[in-house]
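Kindly generate the complete structure, drawing on both the sequences and the hints.
What follows is each chain in one-letter form.
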Amino acid sequence: MTTTIRLQREPFNAADEVAALTRGRTDIGALVTFTGICRAEEGGEPIAALNLEHYPDMAEAEIARHVGAAEARWSLLGATVIHRYGRIAPGEDIVLVVTASSHRQAAFAAAEFLMDYLKTRAPFWKQVEKTSGKSGVEKSWVEAKTADDTAADRWASS
Amino acid sequence: MKVRYFAWVRERVGKAEEEIDPPPDIATVGELVAWLTRRGEGYAYAFENPKVIRSAIDKMHVQANARIEGAREIAFFPPMTGG
Numbered sequence: 001m002t003t004t005i006r007l008q009r010e011p012f013n014a015a016d017e018v019a020a021l022t023r024g025r026t027d028i029g030a031l032v033t034f035t036g037i038c039r040a041e042e043g044g045e046p047i048a049a050l051n052l053e054h055y056p057d058m059a060e061a062e063i064a065r066h067v068g069a070a071e072a073r074w075s076l077l078g079a080t081v082i083h084r085y086g087r088i089a090p091g092e093d094i095v096l097v098v099t100a101s102s103h104r105q106a107a108f109a110a111a112e113f114l115m116d117y118l119k120t121r122a123p124f125w126k127q128v129e130k131t132s133g134k135s136g137v138e139k140s141w142v143e144a145k146t147a148d149d150t151a152a153d154r155w156a157s158s
Numbered sequence: 001m002k003v004r005y006f007a008w009v010r011e012r013v014g015k016a017e018e019e020i021d022p023p024p025d026i027a028t029v030g031e032l033v034a035w036l037t038r039r040g041e042g043y044a045y046a047f048e049n050p051k052v053i054r055s056a057i058d059k060m061h062v063q064a065n066a067r068i069e070g071a072r073e074i075a076f077f078p079p080m081t082g083g
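Just so you know, the sequences run in chain order A and B. First residue of the first sequence? That's 1 in our numbering, and the numbers climb one at a time after it. First residue of the second sequence? That's 1 in our numbering, and the numbers climb one at a time after it.
Keep in mind that the hints were calculated from the coordinates and are not lab data. Don't take each hint at face value.
[What the hints assert, rightly or not] Under the rule of at most 20 Å between Cα atoms (straight-line distance), these lysine to aspartate or glutamate pairs were calculated in the DMTMM-like manner:
hint, chain 1, residue 1, chain 2, residue 2
1, A, Lys139, A, Glu53
2, A, Lys139, A, Glu42
3, B, Lys59, B, Glu73
4, B, Lys15, A, Glu53
5, A, Lys145, A, Glu41
6, A, Lys145, A, Asp57
7, B, Lys51, A, Asp93
8, A, Lys145, A, Glu129
9, B, Lys2, A, Asp57
10, B, Lys51, B, Glu11
11, A, Lys130, A, Glu60
12, B, Lys51, B, Glu31
13, B, Lys51, A, Glu42
14, B, Lys59, A, Glu92
15, B, Lys2, B, Glu18
16, A, Lys130, A, Glu53
17, A, Lys130, B, Glu18
18, B, Lys59, A, Glu60
19, A, Lys130, A, Asp93
20, B, Lys15, A, Asp57
21, B, Lys59, A, Glu53
22, B, Lys59, B, Glu31
23, B, Lys2, B, Glu31
24, B, Lys59, B, Glu48
25, A, Lys130, A, Glu143
26, B, Lys59, B, Asp25
27, A, Lys130, A, Glu92
28, A, Lys139, B, Glu11
29, B, Lys15, B, Asp25
30, A, Lys145, A, Asp116
31, A, Lys139, A, Glu129
32, B, Lys59, B, Glu41
33, A, Lys139, A, Glu60
34, B, Lys51, A, Asp148
35, B, Lys59, B, Glu19
36, B, Lys51, A, Glu143
[What the hints assert, rightly or not] Chain B side only, calculated, beta carbon under 8 Å to chain A, not exhaustive:
hint, residue
37, Ala7
38, Lys59
39, His61
40, Asn65
Remember, predicted model here, so these are calculated numbers, not experimental data. Glycine included, C-beta positions come from ideal geometry on N, C-alpha and C.
So this is what it looks like as structure tokens:
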């Protein structure tokens with residue numbers, strides 16, 4: 001299986017990553033891409049940016065463990081996971097998951113599995129930056145959602 | 001051993017990492033948290049609700065009952081919010 005895992009501050013180009021994964025191959029029959037994008041609001045309030053903190057070596061290792069788990073569970077031909085860190089403005093991409101397989105079921109399921117685990121197990125933390133009238137910038141940490149834990153847990157029981 | 005803190009745990013403790021030398025009777029991650037809590041106000045604030053704190057030993061997730069013997073790096077952080 002072709003695996004690419006990258007953590008980077010810079011933006012990525014999803015189309016380039018898909019091209020890199022599929023170039024010269026004729027065995028891939030299904031390809032799923034998921035892109036997580038920074039919204040301009042959080043909890044109903046406008047935000048200026050997200051700041052993503054991460055635990056460098058562990059984040060890569062943890063993503064690799066989950067890609068390995070996905071590979072063990074589904075017949076994948078390729079997987080790419082790119083996660084950005086640092087300051088990300090609304091409209092910019094945050095995370096990319098690409099999965100490739102012969103038939104669609106494996107690619108769909110593996111992409112969802114990887115995203116559910118990225119949200120709850122990969123050591124990244126989002127901080128919201130809001131512009132406030134008096135003090136300029138107000139920062140607050142995003143709270144983990146129970147719904148994300150539930151989404152990740154269902155893979156353990158199925 | 002090296003201890004690292006992330007996100008609001010780091011902000012409350014007031015540092016990103018430090019070298020510590022806990023007494024030999026501190027055997028588990030949970031006991032280490034209790035020991036750290038006694039080191040000062042920032043630590044007490046960071047670990048005021050130990051149930052929400054996540055831990056890793058040598059870059060692997062662990063539970064509070066994990067043994068710290070032989071660990072090179074222990075990390076404490078809030079629930080993750082990536083993706």
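Okay, the hints, checked on the actual structure:
1. Lys139(A) <-> Glu53(A): Satisfied, since the Cα-Cα distance of roughly 13 Å is no more than 20 Å.
2. Lys139(A) <-> Glu42(A): Roughly 12 Å separates the two Cα atoms, so the pair holds.
3. Lys59(B) <-> Glu73(B): This hinted pair holds, its Cα atoms lying about 8 Å apart.
4. Lys15(B) <-> Glu53(A): Holds. Lysine 15(B) to glutamate 53(A) sits at ~14 Å (cutoff 20 Å).
5. Lys145(A) <-> Glu41(A): holds, 16 Å
6. Lys145(A) <-> Asp57(A): Between lysine 145(A) and aspartate 57(A) the Cα gap is close to 24 Å, so the pair fails against 20 Å, i.e. violated.
7. Lys51(B) <-> Asp93(A): The given pair, whose Cα atoms are some 32 Å apart, is violated under the 20 Å limit.
8. Lys145(A) <-> Glu129(A): holds, 19 Å
9. Lys2(B) <-> Asp57(A): With a Cα-Cα distance of about 15 Å, the restraint between lysine 2(B) and aspartate 57(A) holds, given a limit of 20 Å.
10. Lys51(B) <-> Glu11(B): Distance ~18 Å between lysine 51(B) and glutamate 11(B) Cα, so the pair holds.
11. Lys130(A) <-> Glu60(A): Measuring from Cα to Cα gives roughly 29 Å; hence the hint is violated.
12. Lys51(B) <-> Glu31(B): Between lysine 51(B) and glutamate 31(B) the Cα gap is close to 13 Å, so the pair holds against 20 Å.
13. Lys51(B) <-> Glu42(A): violated, 26 Å
14. Lys59(B) <-> Glu92(A): violated, 29 Å
15. Lys2(B) <-> Glu18(B): The given pair, whose Cα atoms are some 6 Å apart, holds under the 20 Å limit.
16. Lys130(A) <-> Glu53(A): OK: lysine 130(A) and glutamate 53(A) at ~17 Å, within 20 Å.
17. Lys130(A) <-> Glu18(B): Judged against 20 Å, a Cα distance of about 31 Å means the pair is violated.
18. Lys59(B) <-> Glu60(A): holds, 10 Å
19. Lys130(A) <-> Asp93(A): holds, 19 Å
20. Lys15(B) <-> Asp57(A): holds, 19 Å
21. Lys59(B) <-> Glu53(A): Given that 20 Å is the threshold and the Cα spacing comes to 16 Å, the pair holds.
22. Lys59(B) <-> Glu31(B): holds, 19 Å
23. Lys2(B) <-> Glu31(B): The hint holds at about 16 Å.
24. Lys59(B) <-> Glu48(B): violated, 23 Å
25. Lys130(A) <-> Glu143(A): holds, 15 Å
26. Lys59(B) <-> Asp25(B): Measuring from Cα to Cα gives roughly 23 Å; hence the hint is violated.
27. Lys130(A) <-> Glu92(A): It holds: about 16 Å lies between the C-alpha atoms, which stays within 20 Å.
28. Lys139(A) <-> Glu11(B): holds, 12 Å
29. Lys15(B) <-> Asp25(B): Violated, at roughly 25 Å.
30. Lys145(A) <-> Asp116(A): holds, 12 Å
31. Lys139(A) <-> Glu129(A): Since the Cα atoms of lysine 139(A) and glutamate 129(A) sit roughly 5 Å apart, the hinted pair holds (cutoff 20 Å).
32. Lys59(B) <-> Glu41(B): violated, 27 Å
33. Lys139(A) <-> Glu60(A): Given that 20 Å is the threshold and the Cα spacing comes to 26 Å, the pair is violated.
34. Lys51(B) <-> Asp148(A): It holds: about 18 Å lies between the C-alpha atoms, which stays within 20 Å.
35. Lys59(B) <-> Glu19(B): Cα-Cα ~16 Å, so holds.
36. Lys51(B) <-> Glu143(A): holds, 15 Å
37. Ala7: holds, 4 Å
38. Lys59: Holds: closest Cβ of chain A sits about 4 Å from lysine 59(B), inside 8 Å.
39. His61: holds, 7 Å
40. Asn65: With a closest approach of 19 Å, the asparagine 65(B) hint is violated.
Of the numbered hints stated above, those contradicted by the structure are hints 6, 7, 11, 13, 14, 17, 24, 26, 29, 32, 33 and 40, listed in ascending order.
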